[in-house]
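Using the sequences plus the hints, can you model the full thing?
Note that the protein sequences, when read in sequence, are chains A and B. Counting in this note's numbering, the first sequence runs from 1 upward without gaps. Counting in this note's numbering, the second sequence runs from 1 upward without gaps.
Hints may be right or wrong, so weigh each one.
As the list claims (entries may be wrong) - 25 angstroms max Cα-Cα, derived DMTMM-like pairs, lysine to aspartate or glutamate:
| no. | chain 1 | residue 1 | chain 2 | residue 2 |
| --- | --- | --- | --- | --- |
| 1 | B | K64 | A | E79 |
| 2 | A | K234 | A | D438 |
| 3 | A | K373 | B | E228 |
Unchecked claim - Residues from chain A shown here face chain B by an in silico Cβ test under 10 angstroms; the list is partial:
| no. | residue |
| --- | --- |
| 4 | I37 |
| 5 | K49 |
| 6 | S50 |
| 7 | G52 |
| 8 | E56 |
| 9 | D78 |
| 10 | N86 |
| 11 | D273 |
| 12 | T276 |
| 13 | L307 |
As the list claims (entries may be wrong) - Counterexamples of contact, computed for chain A against chain B with all Cβ distances above 10 angstroms:
| no. | residue |
| --- | --- |
| 14 | N76 |
| 15 | T144 |
| 16 | M329 |
| 17 | W354 |
Just so you know, the hints here were simulated from the structure itself, not pulled from any lab data. Just so we're clear, the structure is a prediction, and the values are computed from it rather than from any experiment. We put the CB at the ideal spot given by N, CA and C, even for glycine.
The primary structure of each chain is shown beneath.
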Amino acid sequence: MRRIRRDFAVTACVCMIAGMLAGCGNSDSTPKDPDEIITLRILENDTAKSKGYLDELLNAFNEAHKEEGIVAVDANMDEYSNLAENGPYGYGPDVIYQANDKLMAYASDKHILPISPEDYECAEYIPEQAWDAFRLQVDGESYTCGIPVNIQEPMLFYRADKMPENWETEWDDDGNGVADFFENWNDLYAYSKYLRDTDPSANKDSQYGFMASFNNLYLNGEFIFSYGGYVFGKNADGTLNTEDIGFGKGNAATGLMALRQMAGLMNEGCIDDTITSTRYEKVADGTYFCTVSTPDTYTLFVEKLALQYEDSGMSKEEAQAKAEENLKMVELPVRLPADGDLSRDSSELADGDWVESVVMGGVNGYGISSYTKYKDACVEFVNFATSYDMIKTRQEMLGIAPTRSDVSAESGDQTSELIFQSLSENRIYLMPSVKEVDQIWTPSQTLLGDVAKDSFRANSGETEKYKTVEDMQTALDGVSKNIYDAIYTLAD
Amino acid sequence: MKKKHVSKAAILDAVITYVILIAVCVIFFFPVLWIIASSFSRSGSIYDIKGFFPSSFSMASYVKLFRDTAMYNYPNWLLNTLFVAVFSSLIGTVLVILTAFTISTFQFKSRRLLMKSALVLSMFPSFMGMTAVYLIMVNFNLINQLWSLILIYAAGAPMGYLVQKGYFDTISNTIYEAARIDGATNGMIFRKITLPLAKPMIVYTALTQFAWPWSDFILPKLLLKNKELWTVSVGLASLDETQFSRFAAGSVFISVPIVILYFSLSKFLVAGVSAGAVKE
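What follows is the structure in structure tokens.
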């Protein structure tokens, strides 16, 4: 028995040592065999996949590079898979497509490789603002860690067949062919109020004007950034100063008074995500006149509207065609009242009484994983994916606003031209490209939701919290402090 | 015929009992009914619901579930779940029954220590060790492998051997002694005496070993990165907010096999659960 035990122990030891030695040796994984196929794993977003663009891209790339032995495949992972979690263990993608804040958070922790813009044919066509979204400052050096593809900003969605019949005579004072409520917030407020006041239903819940979940900073940033507020300040050299948190700077408090006022014409769904979730159905059935969303959700609005038309007796094809014809997407009104009072008659306001709206936006782009074994092949892929032809195809299939000026200019698509123009005219406040930005969402969401709730407090017998600009200023300063603490105090 | 006298108190007692039971049934059944109704919503959205139920019904969500597989490959998730659950159940049941039989029948050194250790270890919630499990699986190159799930489910199963041991404890030792006198080995005793007697317990064990991987979320989410390998629970969790009816349809469909199993095997299940509760 003792001998069996000894033999067993020796065998176990040999197995353990053999196991450990198996992990040693040359770990160079670059292909040694010239015939070896390089497989690149590409992580695109779900929209690109569901609309067939990813297949189009992969097929085109693989066809063009079949002689070189490079094959690109769908990484087939969740679109928000955590590169930091999967990459180091070899399960992450080689090329990742993400918004600038996500991609640069990875870059800050060195999960994304720095690139040289001059390696990419698209570089000269992309404006500096878009490149800036992917720049990282480390020890005084600037590194570019992503290749911009398209710009995102919140847009206004509405049904053209729900426009008031008399809008050209009653709601287009300047006679420029664009309804005033799409040009300035005071008229949007006035039209929303008109709809609420004339709601025929007993419960007064069948017709609303502008509707939005106000707890979302990304979708409602204009109430802060148009008035001089900002997320992070800048150092003298233009780099971001994450210690300077500016939610309460400028007249941001005045802007939030306007948000509070607008919330008064909605229902309590504006306090949380309810409106964000219901917007597709409610615009389709005409309960909401218009709402705010990002361009990539356009097809969802069309889908729901088509269903609505089908219910009214149209064929599937007719319903789809009519939905595409009637579902409109325009930029948010570009003018907000400088004094934050949306109830003032817009015709009485002079040019100086307005501020130009600045919305929050982002730039989506490609990044190359630090854990890829085939950097050169990844560069080749990204170069291909950001070429004129592929970006044009992407725009046609997904309705994106490309960062490539040549595609944008030649497309004839008004939406992408407008977005591109807004970016070049600094009307889009890009999400800061530092990982500290992760800390801004929760505190700002809490405040915005609370400000929206203030409009309903009096009705439920509660005391209103934000009656004056000073109250709002105190709250905004509190948010800035919370964010600062989250970044510097609690994180340490 | 003599009429049986029922007192007013007894009638009142029965009425109250039934009212309470019906109320409890409604409370528990309503969410199930709601999710079934939602799975037939025509618009596919949770916000189409007027009051409690959708305004219009259709089978579209079920059709989409099995036909529209470009983004959400439900049939594939279902096959993966079935594969993991069946093999986990088979291997896990063998391991649990063997463990329980060994602990119940044999007296050996450290037996008590082993039992106490298993009892204490089973008190810890399983997700506590998830980080360690992940690192171990990474080092054994078992990420993105369905067998890694089977390994963990089956290997962890014997920790819950106590119910089965309780049942084996009720089998009289004199039967085993008689078999030994007739020349039966331990293996023969297990196969020819214990297993036939333990049929309800085996069914109960197999069913519980099947149900756990069938509905588990945390472990597959941790170990399966590739969408093609996802199980139903991970896949359903990835559906976006506009796909509520598809989510409901997927939830209803995944629950059908387990409900059928429970109903068809309920006779064994009840016997298995109650077995060993009373020591004779």
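Here's how the hints hold up against the structure:
1. B:K64 - A:E79: holds (21 angstroms)
2. A:K234 - A:D438: Roughly 18 angstroms between the alpha carbons, so the hint for A:K234 and A:D438 holds.
3. A:K373 - B:E228: Holds, because 23 angstroms separates the two Cα atoms, which is no more than 25 angstroms.
4. I37: Constraint on A:I37 not satisfied, violated at 19 angstroms.
5. K49: With Cβ-Cβ at 6 angstroms, under 10 angstroms, it holds.
6. S50: holds (5 angstroms)
7. G52: Status holds, d = 8 angstroms.
8. E56: With a closest approach of 13 angstroms, the A:E56 hint is violated.
9. D78: A:D78 check passes; min Cβ-Cβ to chain B is 6 angstroms, inside 10 angstroms.
10. N86: holds (6 angstroms)
11. D273: This interface hint holds because 9 angstroms falls under the 10 angstroms limit.
12. T276: holds (8 angstroms)
13. L307: Result: holds, 6 angstroms to nearest chain B Cβ.
14. N76: violated (5 angstroms)
15. T144: The assertion about A:T144 holds, with a minimum of 28 angstroms to chain B.
16. M329: holds (17 angstroms)
17. W354: It holds; A:W354 is separated from chain B by about 35 angstroms at its closest Cβ, greater than 10 angstroms.
Violation of the numbered hints given earlier is confined to hints 4, 8, 14; the remaining hints are satisfied by the structure.
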